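Take the sequences, apply the hints, and build the full model.
Numbering (the UniProt record's numbering), first residue to last: 1 to 252.
Derived from the structure by calculation, the hints contain no laboratory data.
Heads up, some of the hints might be wrong.
As the list claims (entries may be wrong) - Straight-line distance between alpha carbons at most 25 Å, and here's what the computed BS3-like set of lysine-lysine pairs gives:
1) 25 with 84
2) 212 with 143
3) 95 with 143
4) 161 with 84
5) 165 with 210
6) 212 with 176
7) 176 with 210
8) 161 with 95
9) 165 with 176
10) 153 with 95
11) 143 with 76
12) 84 with 153
13) 176 with 95
14) 95 with 210
15) 143 with 175
16) 175 with 212
17) 210 with 153
18) 161 with 212
19) 175 with 210
A quick note: this is a predicted structure, and the numbers were derived from the prediction, not measured.
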Amino acid sequence: MNNLNNNHLNILDLPNEILFIIFQKLNTIDVFHSFVDVNPRFNRLVFDSIYIHDLNMTTVMDTTSLYDQTSLIDPKVLLRICEKFLPRIHNQIYKLTVEEYSINQILLASNYPQLYSLSFINFQEEILYQYLTDNLILRDLTKQITHLNIDIKETIKHDSKIGSKIFTLILSLCKKLIVLNFCHMFPTRNYSPSLFYLLWENCIPSTLIKLKINVSTLVDCLYLLNGPLVCLSTLIINVSSTFCPLEYINPT
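Structure representation (structure tokens):
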């Protein structure tokens with residue numbers, strides 16, 4: 001290829017293999033907004049099953065910037081994606097990652113019959129608890145979910161009971177759950193729920209075999225280990241503080 005051709009090379013001249021690599025490196029929302037319905041070739045690549053099986057609808061590309069992340073997407077862009085694109089691929093989505101600001105529109109966009117993995121990224125604990133409690137679409141989805149990942153923003157209320165309520169609610173709703181990552185997704189996160197308020201109520205699904213979780217103190221860790229976790233084959237606990245008052249230690 002001569003210099004003249006190089007100077008006039010544009011994205012339309014790239015082979016499909018290179019375009020697909022580019023799409024995988026870009027934010028999914030940007031790919032949908034910029035390339036869908038541009039031409040049939042781009043549509044085939046964007047809607048390729050390999051790409052859309054695992055759909056990340058977040059605007060964060062670097063986890064180091066996740067801590068104080070706010071919405072970067074234009075509401076009109078999100079609306080267009082939810083109205084025009086998600087209904088076209090809803091039955092091909094196996095894994096879905098959503099943020100707090102976009103979850104409602106994404107849930108309303110369509111049903112997701114093949115979905116088995118769901119990730120909540122950058123949520124306030126109060127908002128996530130409200131969705132799990134009141135959103136009927138999400139509660140219906142939890143019945144089919146086998147893999148669940150939870151990421152919650154750090155709260156200034158270090159003794160908040162909401163984290164333990166979310167944990168309990170997830171275990172009671174997700175009857176097919178196999179793998180649960182509860183606030184153990186990113187090393188930059190400091191959110192560690194207190195499980196001292198946890199009420200087990202025989203809510204552990206018998207299908208659960210792997211649990212990764214952050215907890216506040218060694219007391220929470222001991223309380224968790226004292227729960228009905230016999231079904232687990234893998235348990236990973238990150239303890240924020242190893243301080244443990246003597247009155248909480250049971251020598252038996």
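Quick rundown of the hints versus the structure:
no., hint, result
1, 25 with 84, "23 Å, holds"
2, 212 with 143, "20 Å, holds"
3, 95 with 143, "15 Å, holds"
4, 161 with 84, "40 Å, violated"
5, 165 with 210, "20 Å, holds"
6, 212 with 176, "17 Å, holds"
7, 176 with 210, "12 Å, holds"
8, 161 with 95, "29 Å, violated"
9, 165 with 176, "19 Å, holds"
10, 153 with 95, "22 Å, holds"
11, 143 with 76, "31 Å, violated"
12, 84 with 153, "31 Å, violated"
13, 176 with 95, "15 Å, holds"
14, 95 with 210, "18 Å, holds"
15, 143 with 175, "6 Å, holds"
16, 175 with 212, "18 Å, holds"
17, 210 with 153, "23 Å, holds"
18, 161 with 212, "19 Å, holds"
19, 175 with 210, "14 Å, holds"
Checked against the numbered hints listed earlier, the structure breaks hints 4, 8, 11, 12; every other hint is satisfied.
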